[in-house]
Structures are given as structure tokens and as C-alpha cells.
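Residue numbers (my numbering), protein chains in the order written: chain S, 2 to 382; chain U, 2 to 382; chain G, 2 to 382; chain L, 2 to 382.
The hints are simulated quantities; they were obtained by calculation from the structure and are not laboratory data. Misleading hints may appear alongside valid ones.
[As the list claims (entries may be wrong)] Here are the in silico distance ranges between beta carbons for each label pair: (1) U:Glu313 x G:Ala233: 29 to 39 Å; (2) S:Trp166 x G:Asp297: 29 to 39 Å; (3) U:Glu313 x S:Ser378: 37 to 47 Å; (4) G:Pro349 x U:Glu114: 16 to 26 Å; (5) U:Asn38 x S:Asp142: 41 to 51 Å; (6) L:Gly252 x G:Ala341: 45 to 55 Å; (7) G:Thr211 x U:Ala298: 30 to 40 Å; (8) U:Glu313 x G:Phe14: 17 to 27 Å.
[Stated by the list, open to error] Below, in silico cross-link-like pairs of lysine to aspartate or glutamate (EDC-like), each with a Cα-Cα straight-line distance of 20 Å or less: (9) S:Lys210 x U:Asp250; (10) U:Lys213 x U:Glu191; (11) U:Lys6 x G:Glu30; (12) S:Lys6 x L:Glu145; (13) U:Lys4 x G:Glu30; (14) G:Lys210 x L:Asp250; (15) S:Lys4 x L:Asp250; (16) S:Lys6 x L:Glu21; (17) L:Lys213 x G:Asp297; (18) G:Lys6 x U:Asp101; (19) L:Lys213 x G:Glu145; (20) L:Lys6 x S:Glu145; (21) U:Lys6 x G:Glu21; (22) U:Lys45 x G:Glu30; (23) S:Lys45 x L:Glu30; (24) L:Lys45 x S:Glu30; (25) G:Lys213 x L:Glu21; (26) G:Lys4 x U:Glu52; (27) U:Lys6 x G:Glu52; (28) S:Lys6 x S:Glu338; (29) U:Lys4 x G:Asp250; (30) U:Lys213 x S:Glu145; (31) S:Lys4 x L:Glu52; (32) S:Lys213 x U:Glu21; (33) G:Lys6 x U:Glu52; (34) L:Lys4 x S:Glu52; (35) L:Lys210 x G:Asp250; (36) G:Lys4 x U:Glu30; (37) U:Lys4 x G:Glu52; (38) U:Lys197 x U:Glu139; (39) U:Lys210 x S:Asp250; (40) G:Lys210 x L:Glu145.
Given the structure is predicted, the values throughout are model-derived calculations rather than measurements. C-beta atoms are modelled at their ideal positions from N, C-alpha and C, and glycine is treated no differently.
Number of protein chains: 4
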Amino acid sequence: MSKIKVGVVGTGFIGPAHIEALRRLPNVEVVALCEVNIELATAKAAQLGIERPCTFDQLLAMEDIACVHICTPNFLHYSQSKAALLAGKHVVCEKPLAKDLHEAEELVALAKETGLVNAVHFNLRYYPLVRQMKTMREKGDLGEIYSIIGSYLQDWLFYNTDYNWRLEPDKSGDSRAIADIGSHLMDIIEYITGLKTVEVMADFNTVHKTRKKPLKPVETYSGKMLQPEDYADVEINTEDTANVLLRFDNGNKGLVTVSQVSAGRKNQLKLEISGSNKTFAWNSEAPNELWLGNRDAANQVLMRDPSLAYAEARDIMTFPGGHNEGFPDTSKQLFKEVYAAVAAGKQPENPTFPTFADGYRELLICERILDSHRSQSWTKV
Amino acid sequence: MSKIKVGVVGTGFIGPAHIEALRRLPNVEVVALCEVNIELATAKAAQLGIERPCTFDQLLAMEDIACVHICTPNFLHYSQSKAALLAGKHVVCEKPLAKDLHEAEELVALAKETGLVNAVHFNLRYYPLVRQMKTMREKGDLGEIYSIIGSYLQDWLFYNTDYNWRLEPDKSGDSRAIADIGSHLMDIIEYITGLKTVEVMADFNTVHKTRKKPLKPVETYSGKMLQPEDYADVEINTEDTANVLLRFDNGNKGLVTVSQVSAGRKNQLKLEISGSNKTFAWNSEAPNELWLGNRDAANQVLMRDPSLAYAEARDIMTFPGGHNEGFPDTSKQLFKEVYAAVAAGKQPENPTFPTFADGYRELLICERILDSHRSQSWTKV
Amino acid sequence: MSKIKVGVVGTGFIGPAHIEALRRLPNVEVVALCEVNIELATAKAAQLGIERPCTFDQLLAMEDIACVHICTPNFLHYSQSKAALLAGKHVVCEKPLAKDLHEAEELVALAKETGLVNAVHFNLRYYPLVRQMKTMREKGDLGEIYSIIGSYLQDWLFYNTDYNWRLEPDKSGDSRAIADIGSHLMDIIEYITGLKTVEVMADFNTVHKTRKKPLKPVETYSGKMLQPEDYADVEINTEDTANVLLRFDNGNKGLVTVSQVSAGRKNQLKLEISGSNKTFAWNSEAPNELWLGNRDAANQVLMRDPSLAYAEARDIMTFPGGHNEGFPDTSKQLFKEVYAAVAAGKQPENPTFPTFADGYRELLICERILDSHRSQSWTKV
Amino acid sequence: MSKIKVGVVGTGFIGPAHIEALRRLPNVEVVALCEVNIELATAKAAQLGIERPCTFDQLLAMEDIACVHICTPNFLHYSQSKAALLAGKHVVCEKPLAKDLHEAEELVALAKETGLVNAVHFNLRYYPLVRQMKTMREKGDLGEIYSIIGSYLQDWLFYNTDYNWRLEPDKSGDSRAIADIGSHLMDIIEYITGLKTVEVMADFNTVHKTRKKPLKPVETYSGKMLQPEDYADVEINTEDTANVLLRFDNGNKGLVTVSQVSAGRKNQLKLEISGSNKTFAWNSEAPNELWLGNRDAANQVLMRDPSLAYAEARDIMTFPGGHNEGFPDTSKQLFKEVYAAVAAGKQPENPTFPTFADGYRELLICERILDSHRSQSWTKV
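Only chain S is shown next, with the shape it has when bound in the complex (with noise of 0.2 Å):
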């Protein structure tokens, strides 16, 4: 029984999730992780017991590996990922796919030549019943699309005092809120909805002007955990909040709010898309009940439950109803969607799971949205 080999690049906060997600397929092994040094390397293998710790160099050279998944800052994702392909292998790359849009029009490009599996992670898309939402208005059980509402909050970026490489600009991108959580709202929005986004009106608001920077690093999300120390004040450009009002390729209309400042909210997407058959409601951080709105009956909740779902979403559900499964999950049901085309050896023709075409979308709406906030017009996507 020969297993797919796999290597990881990368080990903040996202890293280590891929690497426990990749261990729970059946044909997958985690077998190299790549680090900035080898030290760091061999000591982070060592931890998550990987066997082989390498550098990027090193990962690329091992001729059994299949799929490399990049984990690292954004900045270093549209290098890393062409070198991966370059290098013939599979690629799955965390969101954002790249810097700029040249960036990952050519990572499409490349990927699409060399034909190899690409994959980036919304692996938000994962949760059942988004996909379940995805397959009732696809057999049109939502019918046409009136009104969305999204949003998206956070406040591990409360306090002044927060600080994380997400906030720099130069690791980042220009945009922060947006760029981060922004990007999967709208990536789900779309995705659910089949609608294409034509038209954006944007405004940011840094709520921090200058936040306080310890003097040495902490990981996504541990900064709360963070003793007072010595800080350094750091003027901030990126928002805190952003609110955009969105216009669709079916005539209709909605808006998103994003906030990494929300205290009390500590990784809440919600949606609400209502259609001329129903609406539908959605939390992420209450990921097994989906709300079903109708005007002349009881509205309904329908829960993560295979006997419940429609086949395409009952696929990414393991356990029966009631069992709660959650965003660990997520991962794992993308990769093994991922992995059947890896094992196949070349990306589907219509796949599954999310695209460095998926990228590339995600990157040009984020892109016009803060062309809009920057020009304070509706902008076209």
C-alpha cells in the first residue's frame, strides 16, 4: 500500500493544521516540512513528527514527493508555489495566492501548462452545509437571488497592543482585513451563489492609527496570550473594518462588513442570501445548522446530517448528524477531494475544490475592492 508523499513549507498557525489534516486520509503521508533554516526545520519536525526536515531547496530536490503545500507569509506564496510547479509538483497554496495580480495570472498560467494539481485553501467552502447552500440553488431551491449579506468579524486585533506580520504591508499586501477574511467571504459568496461579483463600492477605516509592536514575533491568533512587554510603536496603513457594497452579474444587490476589531467575535463569518424561494442563513461559528427562511411556512434548521443532505454535500461530511464537525474538518474534506486528483496525477477538468484560478478571482476582487475605497467610486471587477 504505497501512500501519495507529501511536504509542507511552512509551520505558523496554518502549517500544522494542513499537516493534521493531511494525516487523516487514508493515502497521504506527511513525510518533509520545510522550514526558513534546518534547525528550525528539524526541530518542528521533530514536534509534529514528521521524518524528513528540509529547506525549500532540499523539499523540491526529493523526486518522491507528489504535492508540496505552501503554508508560509503571503509574500513568499507566488515564488514558492512557481518553484513547486516548476519543479513538477502538485501544488497546494494557502490564500492569498500571490501579491498581485500579475502574480497569479502567471501561477494560472504555469499551472495550466504544466497540467499538475493546484489548489488553493478556502477551505471554508468545506463546511457541509456551505456546500449543501451551494447545491440547493444549484437544483434551485433558492431560486433567483434578490439581497446578500455577509459578513465577517473578528478581534484577535482588538487592542492597539495586538500585533502579528499580517499587520506589515510589506509581508502582507496593502490590504488587511480585506485581503485576510475579506477574501473568503467573498470566495464563499461566490461560490455558493454562482453569481459573479461585476461592481464594488468600498471604505476602509483604520480604527488603530498606530499600534504598539513587541519585539518579537508572535504566531496568528497566540498574540492574545501575549504578557505585556516592551512594544514599539508602528504607524498602521491596512484596515481594521471594511464595508463594501456589492452589485451581481443577475442585476441584484448586497453588502459585506469585515472587522478585526469586533470584540466578542472571534472568527464569525455569517451570510444571508435570500432568494425568491427561500433564504438562507449561515454562521461559521455554529457551522451545523443551516437556516432556511420561507414566507408562508415555518422557517427551517436543517442540520450537518448525511441522511438530511443533498449527495454532493452528504461527500464531505464524515459523521452522522449531531456529531458536530467543525473548521479541523474542513481541511481534511478539501485535501481529500485534492488528493483523488493527485492520485489521478493531473487536475480534473472540472474540479471539486478550489483553483489558482479561484486565486486569481479572489485576488482581483480584493484588488478592486480597495481600487474602490482608494478612488471612493464604484468600481468595476
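Go by the hints and put chains U, G and L onto chain S.
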């Protein structure tokens, strides 16, 4: 024991709600009921148990009537309020106060000149937890306000066969969803936060470009129970949904969305206000609970309970915690405060209740929102 | 337009609630208010806006009074109801109807003999979704009832410094939590399900074996706001919590638990009734929502909405869906049905409202529950 | 880097869940899979990606296997656990540990004698907020425990056509709902509260006196998706629902109810524990939220968030707040603690995980509950 005598004008959806609420006050007596003709007035007065059916002119001529409630369709509010003030009556007017700013300005000035009690029925302010939020904000529990998210969603105009006078601009004005429910939302936002909305950017949408008008009129909300009938096609020019970006006088931002075509949302106003200390979240369909978000402690759910609220909020609670109070109670509490002023014979210097000036303010905001939509640009309030 | 004239006896927590509810009815007028002495009656009548303060004897002597509401402490219900019936008055009595079964039996017989309208204020039946459940059950939507789970939890007696006349058996009876709130729960269970409780097995617990009695009396529920004072130690013999197993006449089973010492539960009655078609779940603290559980379809949440309810339930709704109705509205709806009977001059053959016979039934069940606790054995009802 | 080698026995519902959870641990490797015959073992091992298919005897003979997981039907737990211990393997056994107290006692003694690691898969203890409740109780946040209300409701045996080996006493034991899910509930109650259940009073009910047995067997939970087929009528002697009154060693009381026929409740364990400081309420279907009830302050909702939890609970959280963790994560966390012991080579003195002694305890309580039902009387534990 002499009670304050009151006349009510109009017997659609909201007139009887005023009457029932007024009757709960120990010091008030609804003695007169006015309709468009004396026959209808007589029939309705018998049904509602009111002694004196009358026309509007007859009502104003009754010397013992201290206060008049204007509960007619929107286009009559201005002329009837003006006539009532000129007749020396205290006036409680339904919202909107008038059809345009000039009319509203005139009413504000006239009311001021007469010194008579003037109130607008922004009853949602009288959900006790709304006042609790206002009081918490005043006492500093919320901190600096970072972001505001509001929505007001209904489904009573969901189908193109749903019809009502509110769909006709000559009776209801050029804006519908914003004027009708957006006004409540904007009022409650400024009421709770103490902020002024200084700039708006709006985008409206009319989902049903034509609707089917029934051949006989139906009362607000009751159309849902209509039997299928003959209808006429009518072109619709007012908005079914509206999305608005907001900027406030503290430099921070927000957004609101309103809809009358969201299946399953019967009459749901939701607010989420994030500050530098806490987040408030409240939903009018579950009005006895206030969610309080915290960054460094468990979130909280404050129930409407006199023993847990600030005195200012406790003043408008009648029952102990766990004894759910709702929509009918808001009008009672509003009128309780209005009639304390009526008993005193004049408008207080700092009324606790919403006044004609507040009615003007909401018209102003709604007009600017409509201007913004029409001009497709940021518009100052 | 002549209205039905009513007198109310007692001005504690519930008397004013009756008065306010009665005033909302177009055909009823509260003209007399009775207290233990004329001075108190006069003060309260002035405060509550009622014309005629009086003693109980004076009240019964008023010929134009058609109906009397008994809102006094429990130990007076029997004698006052009896006297009122003998004086030819219709009677609405607070629960419990009497202090023992003999008294209650006598009242039932007397009421029957007189033909006068007799009602007990089991107002919880008048939450519209409670009647919706009853109607759904009658129409077969629930199916055969498999299992019933009920709870009624409060926290107003949580501390040993919480004190009230209900803690004193000579004023309130030998059972407290069961008699006070368990009776509502048992009534509503039989009302909704149509089942008879045939056997009970109870276990009571007194958490605070002694309590600190304040030197001056305080009204129900208002003790929470007491300042610290001088107290006397009093031994407590009635239950703070009670657990009861139930058997029903269809052969199936259930259980209930009641508590007056559950921190955070202000006044929460919850019911979960499982049938062969559906499960019902309802919570009095969020009374506008009914959860309907399904095995093979999404669960449902039915909002209180006239357009979504059966006619029987719609009859006791005033406002459209989304306009939260609550505790104060239950009494209004109950009295609306009672006063239709009063207007007709006699008790209907099949009253829709709870009668003295229902009051007897609840006393019987509560007495058998107390017997079971004392005998520590299954006890037949 | 050498990993601990593990063998898993049984591939029904729970075996694969063990395997997937084990794989998430960096220091553990599932190398062997055992089924009733080598053909089935081979097929399943291929499907699950495990190297060595084997029979039970072959498994025990593998010297490099350190630990064995018993995931077979209940009637095999005793003999297989015993054989594994005798073969010098550490053992993780599914619940129930055995079919009667004698067997369980023997296993506890044997485990103690060998010093080998022994654990029972009471995974519900590993919901992080369950441990948070336990820790809060230990630190005094709950106070003296006044009352406990528990329920565990499912609907997978709702219809009389639902069938499973758990319905057959020779495979599953004389109690079903109590043994199967009541055991989890009783375990978690004693785990959180630290109380001992000292007396029980039970009443069982079999709603479906006969069920229709399908001609071929189906796996737990998967029966819901069966097509209509040929069935045989089978008499059912085990309980569909059970109600139990409880008395605890602190003198206070509680009750639990379990059901496998409650439509819409997929797998819902609910707990409400009232103490002299606070009330805890928790629901396994929304396991990332803990409700904390207060008398004199707002109630609280504590999210599963490492930055908000006690260290003891934080230890079993992987992801930041707002990243929903669920049922699959509980087994991972349990095994993480078990394999720390396996790595150390012996059972710790004070294990944090549930042991054979805990398995014995649950069997004892469930047996006493069954005794009480049979004798219709209060029964000491």
C-alpha cells in the same frame, strides 16, 4: 380622578395599536376616534369601544381633547399635525413626520412656537434593552464606537402579488424600504450611540419591477392572508431593498441594509455596535436579550430584567425578568413618558421621548440616502 | 356603548397585571379596586386610575359589577371566590383555586350550580404558540405522544436572603415550587397533549433549610432589589426544587423538574414533547418561536405569525409575525375569551379558557405529587 | 523518530473514528487492523490505508504493537480487553467496558496488576468546555451544587423500521438507551461535578414493542439511509426512553432523561448544573458554547477559546476561538493524553483520561438504574 382625554385619527394597522397601548395607562382615556367619514368612524368606534366617532374637524373642535394621535397614511401626517397644533392639541404623530423636509421644518417650528407636547412614534426606542444600550453607552460601558452594522428585514412584500398603499409614492413618498423601516433603524442607531450620521452612500434595488395590485385595498401586513383575486399590473419605482454605507461624526463607519423581500424575516431589526470596550448585538425579534461581546472575558447575554438594568432602562420595564415583554409594550412605555409631559402641559426641555425634531432628523437622513442613491455618490447629511 | 364592569381584588404582583390586561379589551371597564382596608384601596386606586376603591364586602354589594378578579394571596382564593359566586358575580380566580381539594371541589360545584362564568388564570395557555401546539396535536401533526420533558426554573429565591409570603405554608400551602410553578407546567402539559397524568413519583429538595426573613414584607419578584437589612432566621419546609416522574393515560411517560434556585433562569418554562410524527420544543422566555423536530426533514422554527398558524392560535394573536408578543399579552387574550362568556351571561358548555374544574385538576395533581414525595412511592392521580 | 505502534480491532461506526483520531497525533502510527476474518480485515485495511490486516490472535502476537483499541460490539469488550492485557498490550476499550460488573471488576483488577495503560473511550469528557466546567467547579466557580438536569436524545431509532445490533440484548446487554447513551451522560455528570450518584429511581419505556428487523445487518447510524426492504418482526425488550431521578452524595438531587426516539434530536446531550454561585448549561450539538447563568449579573456565554479558558481546558483545544471544534476532536484529545501515558510505559497514578475503573463505575450505575426500573423503587448505587 380625571383622566387625560385623547383622540386617535386613523384605524389601519397602527391606530388600534395606539389605542390599546393608551388604554394601559392609568391616567389616559381614549374618548374619540376619527376616520375619513363618519360612517366608518362610527363602525370602528363601536368595534374598538370608543365613545365618540368623529371626523377630523369634529375632533379638533372637541375642547376636552388634550392630545391627538395621527395614525393615518403618510401623506396626511403634515397637514393633520399642523391642524392639531393650531387647534391647541398636543400631538403624537406616526412616522414619517411629513413628506418632505420643508413640511417637517415647519412642524418643528410650529410645535416649538406653541410649546405643545410633540412626539413621533419611534416606538422601537422603547424596547427596554435599547434604552439599556443607550444608557450603557452614556456611562462609558461601550467605549469609543468603532463600527456599526444594522439591518431591518421583512417579508411581507416578498411576492409580486403583495400590495399596499406603501408601494404608491403619492401616498407614501419616493422611498419605501428606507423611509418605512430604514428610518426606524437610523433613528435607533443615533439614539443608542449618540453619534451623528454625517455622510451616506446608498444603493437601492427594486426586485419586483411590476407588482399586481388587488382591486380593493388591504391593510398593512394583512395582505399575506388575501385570497387570490383579480389584480392590475403596476410599475414599482420604490426600493424593495437598500444598502447604505455610513460615516459618523466620530470618524468611524458603519453600514445598514433593509429589505422587504427577505423570506422568513418577518420584522427583524438587528444591530451590532462595536466599541473599544464591548460589542452590543440586539435583535428586535428576540428583544428581551442583549448580547455583549468581550475580548478578554466570556461574552454576556443580558436579559430584560429590572434587577439587572440601569435605572433609565428599568423605568420602561413593567414585568420581572423572564416575563417576556414585546412590541405592544413599546408603545405603552413611549406613551407613558409622553403623557407625563401632557399632564405637565408642555413639551419638556429635554424630552426622553422622540420629538418632531427627531422626526425631522430622520426625514433628513432618509432624504440624503435617497439623494445618494440617485446621484450614485457619497452625500453629506 | 355600555361596557362590562369589573372589580379587582388584590394589588400585589398579579393584580395590576390583571388590570392592565383588562383595560386593553374594548368592552370591559375596571371600575372597582379592593384591598384589605379602605386606606390602602384608596391609595392604590388613585395610583392605578380606578374610580372606586372598596373593601371586599363593598365590592360584592355593587350591583353593576359583573365580574370579580381574585388576585389575593393563595389562602384567600377559596373564601373570596365562594363569596363572589354567592353574590352572583362571575369570577376569575388566580391559581391555585383553593388550598385543598375539598374547597376546590366545593367551588367547582357551586360555580356549576350558579351557571356563572368561572375561570382560573392559567395564562400560559394563552401564549399563541402553546395553543398552536395544542391545535397541531388535535389535528394529528404530533402523532402518538412518546415522551414529555418539562422544566420550570426561576432564580428569584436563589439566595437564603430572598424572602416572600410564598415561603410560608400558612399563606401559600404545603408545597411551594410545585404548587407555584409546577402547577402551570402540569396544566400546560395536559392542555397541549390532551393526555391525563395517571401516576407520579416525586422527590423534593429544600436547598436552603433556613432563610433570612426581612422584617417588613416585600412583593413577589421585587425582593431582588432589596437593600441589605435586618432579617430573622426562619426554618423552611417547602421545596426549592422538585423532580417528578410522570405516567400518562396513553401508556407513555415523562418527567418534570422545577426550581426556584437556578441562577440565571429568571422565569423559564420549557417543554419538549416527542410524538410519532414530530417533536415540539418551546421555551416561555422566547415564546414567539416553536421548534419542530423531524426525523427525515430539516427541523423547523415556527414563528408566532397569524399567517402561519392554525385559526385556533391565530385567534389569540394581535400583531403580525416578527412583532414580539409576550407575557402581558397572555392575560389579555385569556380575558378576551372569558369576557365573551361574561357578555353572554354564563359559562359556556365547552369553554376555551381554563375553568374552576381545571383549577381543581391542578390542585389534585399537585397534591398527589406531594403525597408521592412524602410516601416516597409511585402515587396514582 | 520512532512512533508508537497501534492496532485497532473492529471497523463499525467507531473503529474508523479511532483510526482517524489516532492519525492526528504526531507520535502514533496505526499499523494493524483486525476484523472477524482475514478477508474482511484485508478489505478494510486497504480502504483505511493500514499496513497489516490481521485476526485478533495475530494482532496480539505482534510484538511491536504497544496498544490495542477494542472497537467491537459490546459483548466482545471483556474478552478482548482481557486477552490484550494478558498479551502485555496497553488497552483503549470502547464503552461499555464489559457486559456485567463481575467482568468489569476482573478487568480493573487485571489492569491494575499489569500496570498497563487502560482507558475507556468516554470521549465526551474531551469537549474542551466539558473540562472547563470541571475545572471551574474544582476552582469553586460553581459553588455548592444544588440541582442537575441532564438529557441525551437521539432519533436514529425513531421508526419501528430502524434496526441495529444494539437492539439485541445478547449483543448489547439488557439495557439499551441507558447503557448506550445514559452511560455517557452519567459519566460526564460525575466527571464534571465530582459528586457521586448514591441513589437512583428509574422508569423505562419501550415505545416500539416490536420492530422490523432487516434481513441483512446495517452499521450504527447508517440505517437511516436504508431503502425499504424485507423485514422480520422482532419483539423488543430494551428501553427506547428512560427517566431517572438521582440523589447525590452532597444531599442534593437531579434527574436525567434519555431517548432514542425523539424526532429531530440527532445526538443531543444537554446538561444544566445549578450551583450556589452559577448555573452551567451545555449542549453537545453546539459544543463550543457554555452558558453560565447568574442571579445578579448578565448571564454569560463562554466560547471555546484558549485565551478565555483555564489551562486544564486549554490543554485540549487545538484551534483559536471561533474555529469550531467538534466530535472528531474529542477522540484526538483523549488519545493525546492516553498516548502520553503509553509513551511513559504505564498507567499514571492520577490519570486525566477515563480508565477501566471509570468503565466499571458506569456499568455499576447503569446496572443500578436497571435494577431500580425492575424493582420500581429507589435503589442505592
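Hint-by-hint comparison with the structure:
1. As the Cβ distance of glutamate 313 of chain U to alanine 233 of chain G is approximately 35 Å, the hint placing it in 29 to 39 Å holds.
2. Range check, tryptophan 166 of chain S to aspartate 297 of chain G: Cβ separation about 49 Å, and the 29 to 39 Å hint is violated.
3. Between glutamate 313 of chain U and serine 378 of chain S the CB atoms are about 43 Å apart, so this pair conforms to the stated range of 37 to 47 Å.
4. Look at proline 349 of chain G against glutamate 114 of chain U: about 57 Å separates their beta carbons, and that is not inside 16 to 26 Å.
5. Judged by the Cβ atoms, the range 41 to 51 Å given for asparagine 38 of chain U and aspartate 142 of chain S holds: they are separated by roughly 49 Å.
6. Here the CB-CB span from glycine 252 of chain L to alanine 341 of chain G is close to 51 Å, well matched to the stated 45 to 55 Å.
7. The hint said 30 to 40 Å for the Cβ distance between threonine 211 of chain G and alanine 298 of chain U, and at roughly 35 Å that hint holds.
8. For glutamate 313 of chain U and phenylalanine 14 of chain G, the Cβ-Cβ distance of about 23 Å falls inside the hinted range of 17 to 27 Å, so the restraint holds.
9. For the suggested pair lysine 210 of chain S and aspartate 250 of chain U, the alpha carbons sit about 17 Å apart, so the restraint of at most 20 Å is met.
10. For the given pair, lysine 213 of chain U sits about 37 Å from glutamate 191 of chain U by alpha-carbon distance, which is inconsistent with the 20 Å threshold.
11. About 16 Å separates the Cα atoms of lysine 6 of chain U and glutamate 30 of chain G, which keeps this hinted pair within 20 Å; it holds.
12. For the suggested pair lysine 6 of chain S and glutamate 145 of chain L, the alpha carbons sit about 55 Å apart, so the restraint of at most 20 Å is broken.
13. For a cut-off of 20 Å, the pair hint linking lysine 4 of chain U to glutamate 30 of chain G stands: about 14 Å separates their Cα positions.
14. With a C-alpha separation of about 17 Å, the suggested pair lysine 210 of chain G and aspartate 250 of chain L falls inside the 20 Å cut-off, and the hint holds.
15. Between the alpha carbons of lysine 4 of chain S and aspartate 250 of chain L the distance comes to roughly 54 Å, so the proposed pair goes past 20 Å and is violated.
16. For the hint pairing lysine 6 of chain S with glutamate 21 of chain L, the CA-to-CA distance comes to about 18 Å; that is within 20 Å, so the pair holds.
17. In summary, the hint linking lysine 213 of chain L to aspartate 297 of chain G is supported, as the alpha carbons are separated by about 18 Å, within the 20 Å threshold.
18. At most 20 Å may separate the alpha-carbon atoms for a hinted pair to count; lysine 6 of chain G and aspartate 101 of chain U exceed this at roughly 47 Å.
19. Between lysine 213 of chain L and glutamate 145 of chain G the alpha-carbon distance is near 19 Å, which keeps this suggested pair within the 20 Å criterion.
20. In summary, the hint linking lysine 6 of chain L to glutamate 145 of chain S is not supported, as the alpha carbons are separated by about 55 Å, beyond the 20 Å threshold.
21. Only pairs whose Cα atoms come within 20 Å are accepted, and lysine 6 of chain U paired with glutamate 21 of chain G is accepted, the gap being roughly 18 Å.
22. With a C-alpha separation of about 18 Å, the suggested pairing of lysine 45 of chain U with glutamate 30 of chain G holds against the 20 Å cut-off.
23. Straight-line distance between C-alpha atoms of lysine 45 of chain S and glutamate 30 of chain L comes to about 18 Å, which keeps the hinted pair within the 20 Å bound.
24. With a C-alpha separation of about 18 Å, the suggested pairing of lysine 45 of chain L with glutamate 30 of chain S holds against the 20 Å cut-off.
25. Between lysine 213 of chain G and glutamate 21 of chain L the CA atoms are separated by roughly 57 Å; this puts the pair beyond 20 Å, and the hint is violated.
26. At roughly 11 Å between alpha-carbon atoms, lysine 4 of chain G and glutamate 52 of chain U fall within 20 Å of each other, so this suggested pair holds.
27. The suggested pairing of lysine 6 of chain U with glutamate 52 of chain G holds, with an alpha-carbon distance near 16 Å, which does not exceed 20 Å.
28. With a CA separation close to 16 Å, the supplied pair lysine 6 of chain S and glutamate 338 of chain S stays within the 20 Å bound.
29. At most 20 Å may separate the alpha-carbon atoms for a hinted pair to count; lysine 4 of chain U and aspartate 250 of chain G exceed this at roughly 54 Å.
30. Note on lysine 213 of chain U and glutamate 145 of chain S: the hinted pairing holds, with a Cα-Cα distance of about 19 Å set against a maximum of 20 Å.
31. Between lysine 4 of chain S and glutamate 52 of chain L, the direct Cα distance comes to roughly 11 Å. Compliance with the 20 Å bound is thereby established for this hinted pair.
32. With a CA separation close to 57 Å, the supplied pair lysine 213 of chain S and glutamate 21 of chain U exceeds the 20 Å bound.
33. Straight-line distance between C-alpha atoms of lysine 6 of chain G and glutamate 52 of chain U comes to about 16 Å, which keeps the hinted pair within the 20 Å bound.
34. Restraint check: the Cα-Cα separation between lysine 4 of chain L and glutamate 52 of chain S comes to about 11 Å, which is no more than 20 Å; the hinted pair holds.
35. Between lysine 210 of chain L and aspartate 250 of chain G the CA atoms are separated by roughly 17 Å; this keeps the pair inside 20 Å, and the hint holds.
36. Using a Cα cut-off of 20 Å, the hinted pair lysine 4 of chain G and glutamate 30 of chain U holds, with the two alpha carbons roughly 14 Å apart.
37. For the proposed pair lysine 4 of chain U and glutamate 52 of chain G, the alpha carbon gap of about 11 Å is at most 20 Å, so the pair holds.
38. Simply put, lysine 197 of chain U and glutamate 139 of chain U have alpha-carbon atoms about 15 Å apart, close enough for the 20 Å limit, and the pair holds.
39. At most 20 Å may separate the alpha-carbon atoms for a hinted pair to count; lysine 210 of chain U and aspartate 250 of chain S meet this at roughly 17 Å.
40. Distance hint between lysine 210 of chain G and glutamate 145 of chain L is fulfilled; the C-alpha atoms sit about 14 Å from each other, no more than 20 Å.
Hint violations for this structure: numbers 2, 4, 10, 12, 15, 18, 20, 25, 29, 32, all remaining hints satisfied.
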